[in-house]
Amino acid sequence: FGPRLLDVISNICSRNLLLEETKCVLLSMLADVKSTRRVELDIGTMKLAIDVDSRLTANFTDQKPQLLPQVFLSCCRLIPKHIKRLIRSKKDIDTRHVDELLLVYFSSL
1 FGPRLLDVIS
11 NICSRNLLLE
21 ETKCVLLSML
31 ADVKSTRRVE
41 LDIGTMKLAI
51 DVDSRLTANF
61 TDQKPQLLPQ
71 VFLSCCRLIP
81 KHIKRLIRSK
91 KDIDTRHVDE
101 LLLVYFSSL
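Note that this note's numbering numbers the sequence shown so that position 98 is 98, with each residue one more than the last.
Fair warning: there could be bad hints in the mix.
[To be verified] Calculated pairs, EDC-like style, for lysine to aspartate or glutamate (alpha carbon to alpha carbon, straight line, at most 16 Å): (1) 81 with 94; (2) 23 with 51; (3) 81 with 40; (4) 84 with 99; (5) 81 with 99.
[As the list claims (entries may be wrong)] Pairwise CB distance ranges (calculated): (6) 62 with 96: 18 to 28 Å; (7) 69 with 16: 15 to 25 Å; (8) 64 with 91: 38 to 48 Å; (9) 93 with 21: 28 to 38 Å; (10) 34 with 3: 35 to 45 Å; (11) 58 with 92: 31 to 41 Å; (12) 58 with 103: 15 to 25 Å.
Keep in mind that the hints were calculated from the coordinates and are not lab data.
Virtual Cβ for every residue (Gly too), placed ideally from N, Cα, C.
Could you build the full structure based on these sequences and the hints that come with them?
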């Protein structure tokens, strides 16, 4: 599973296709977000989850947000790890990761 596949899934979902199926897959993926090694993929997954959840709630008014709480929890797990990593390394890439995670975090509220 990689960034190209995320782009394909995002394109499919932008046409309001396979939203329910994508939601199920994203729920399982978000449950696995724990490490700092694949942060760019995790950030892309969380952004896609926010998009899919907003489309589901817009198209089906009786649908409650299910992905947003998982995105929130994933961000809560990753942000402290990446802040710690940023403090240790002081690299620009780690700064970007923390910025993107915070953006996703606030989008999930």
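Here is what the structure says about each hint:
1. 81 with 94: 11 Å, holds
2. 23 with 51: With a Cα-Cα distance of about 10 Å, the restraint between residue 23 and residue 51 holds, given a limit of 16 Å.
3. 81 with 40: 14 Å, holds
4. 84 with 99: Cα-Cα ~13 Å, so holds.
5. 81 with 99: 13 Å, holds
6. 62 with 96: 18 to 28 Å: 38 Å, violated
7. 69 with 16: 15 to 25 Å: At roughly 22 Å between Cβ atoms, residue 16 and residue 69 fall inside 15 to 25 Å, so the hint holds.
8. 64 with 91: 38 to 48 Å: 39 Å, holds
9. 93 with 21: 28 to 38 Å: Once the Cβ atoms are compared, 33 Å apart, the range 28 to 38 Å for residue 21 and residue 93 holds.
10. 34 with 3: 35 to 45 Å: 19 Å, violated
11. 58 with 92: 31 to 41 Å: This hint holds: roughly 36 Å between Cβ atoms.
12. 58 with 103: 15 to 25 Å: For residue 103 against residue 58, whose Cβ atoms are near 21 Å apart, the range 15 to 25 Å holds.
The structure does not agree with the numbered hints 6, 10 stated previously, though it agrees with the rest.
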